[in-house]
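Take a look at the letters that make up each chain.
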Amino acid sequence: MSKEYQMRAAINQKLIEMGERERLKELLRAKLVECGWKDQLKAHCKDVIREKGLEHVTVEDLVTEVTPKGRALVPDSVKKELLQRIRAFLVQHAAV
Amino acid sequence: MKMEELSVSSLDNSKLEALAQDILSDLVEDACLGLCFEVHRAVKQGYFFLDDTDQESMRDFEIVDQPGLDVFGQVYNQWKNKECVCPNCSRSIAASRFAPHLEKCLGMGRNSSRIANRRIVTGNNTNNKSESDQEDNDDVNDNDWSYGAEKKAKKRKSDKVLLFSPCINVFIVFIYKTSAV
Chain A
1012 MSKEYQMRAA
1022 INQKLIEMGE
1032 RERLKELLRA
1042 KLVECGWKDQ
1052 LKAHCKDVIR
1062 EKGLEHVTVE
1072 DLVTEVTPKG
1082 RALVPDSVKK
1092 ELLQRIRAFL
1102 VQHAAV
Chain B
62 MKMEELSVSS
72 LDNSKLEALA
82 QDILSDLVED
92 ACLGLCFEVH
102 RAVKQGYFFL
112 DDTDQESMRD
122 FEIVDQPGLD
132 VFGQVYNQWK
142 NKECVCPNCS
152 RSIAASRFAP
162 HLEKCLGMGR
172 NSSRIANRRI
182 VTGNNTNNKS
192 ESDQEDNDDV
202 NDNDWSYGAE
212 KKAKKRKSDK
222 VLLFSPCINV
232 FIVFIYKTSA
242 V
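So the protein sequences, as listed, match chains A and B.
Taken in order, the first sequence gives residues 1012 to 1107; the numbers are from the working numbering.
Taken in order, the second sequence gives residues 62 to 242; the numbers are from the working numbering.
These are computed hints drawn from the structure, not numbers from a lab.
Built from N, CA and C at the ideal position, the CB exists for glycine as well.
No false leads were mixed into what you were given.
Covered stretches of chain A, going by a simulated chain B footprint (3 or more residues, C-beta under 8 Å):
#1 1032-1042
#2 1062-1075
#3 1078-1086
#4 1090-1096
Distance condition first, Cα-Cα at most 27 Å in a straight line; then the derived BS3-like pairs of lysine-lysine:
#5 Lys1090/A with Lys76/B
#6 Lys1049/A with Lys1063/A
#7 Lys105/B with Lys1063/A
#8 Lys1080/A with Lys105/B
#9 Lys1049/A with Lys105/B
#10 Lys1025/A with Lys1014/A
#11 Lys1053/A with Lys105/B
Just some of the chain B residues that point at chain A, by a computed CB distance under 10 Å:
#12 Ala81
#13 Gln82
#14 Asp83
#15 Ile84
#16 Ser86
#17 Val89
#18 Cys93
#19 Gly95
#20 Glu99
#21 Phe109
Work out the full structure: start from the sequences and follow the hints.
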């Protein structure tokens, strides 16, 4: 089990070091804006803020309200594309 | 810890898939957090509900696109035709000509030939002594930051030196000095 953990840690490190994680992040962000996810979620944020009150809303409030919905709203096509790229990276950089 | 055991290819497909899903999950979470921070900042800085402004206020702050005005509707060249009074010669000068006039008037600009002007004013009724005083003081003014170092070298060609001295306070001290003399 710990070997797997080490392997995961090594892969994550490689992702970061090679800049691939940053690229994936940017790609994801661009795709989410394009498909309207950001606007949808922003509208949801407005509701949360109106509910909690403009002066009193905290980051924690937003995070707990918004993150689960955000995860659920990601379209399948975006997920598929990202997963494809991640898999390609993992396979290519197989050996540590 | 053997190298082969750490390679991804040793993982079966399901584990590979699980790893990829985890990475995606992290990325999505990053995106959500990013949005939360952005929204929170917008709320606290007061610009979150900006696009909900009513139509009338929107029209009040619309971008101005007329000639002669900037985007806020202010006139930007209204000082062109104002006149200023020169503190030195008390003449009324147009604003756009004021800076060059001041240069010539105070004898401080690059092309003002102040030494020549001063000599004309004081050279007629004084002898050599005051002339060399002027040269010495020229040196003091021409070297903005160092007084003594180049004094000797400069002395020889001080009458041809027309360096611009931006240290107006040094210059003013000089004026007071000569008038005391």
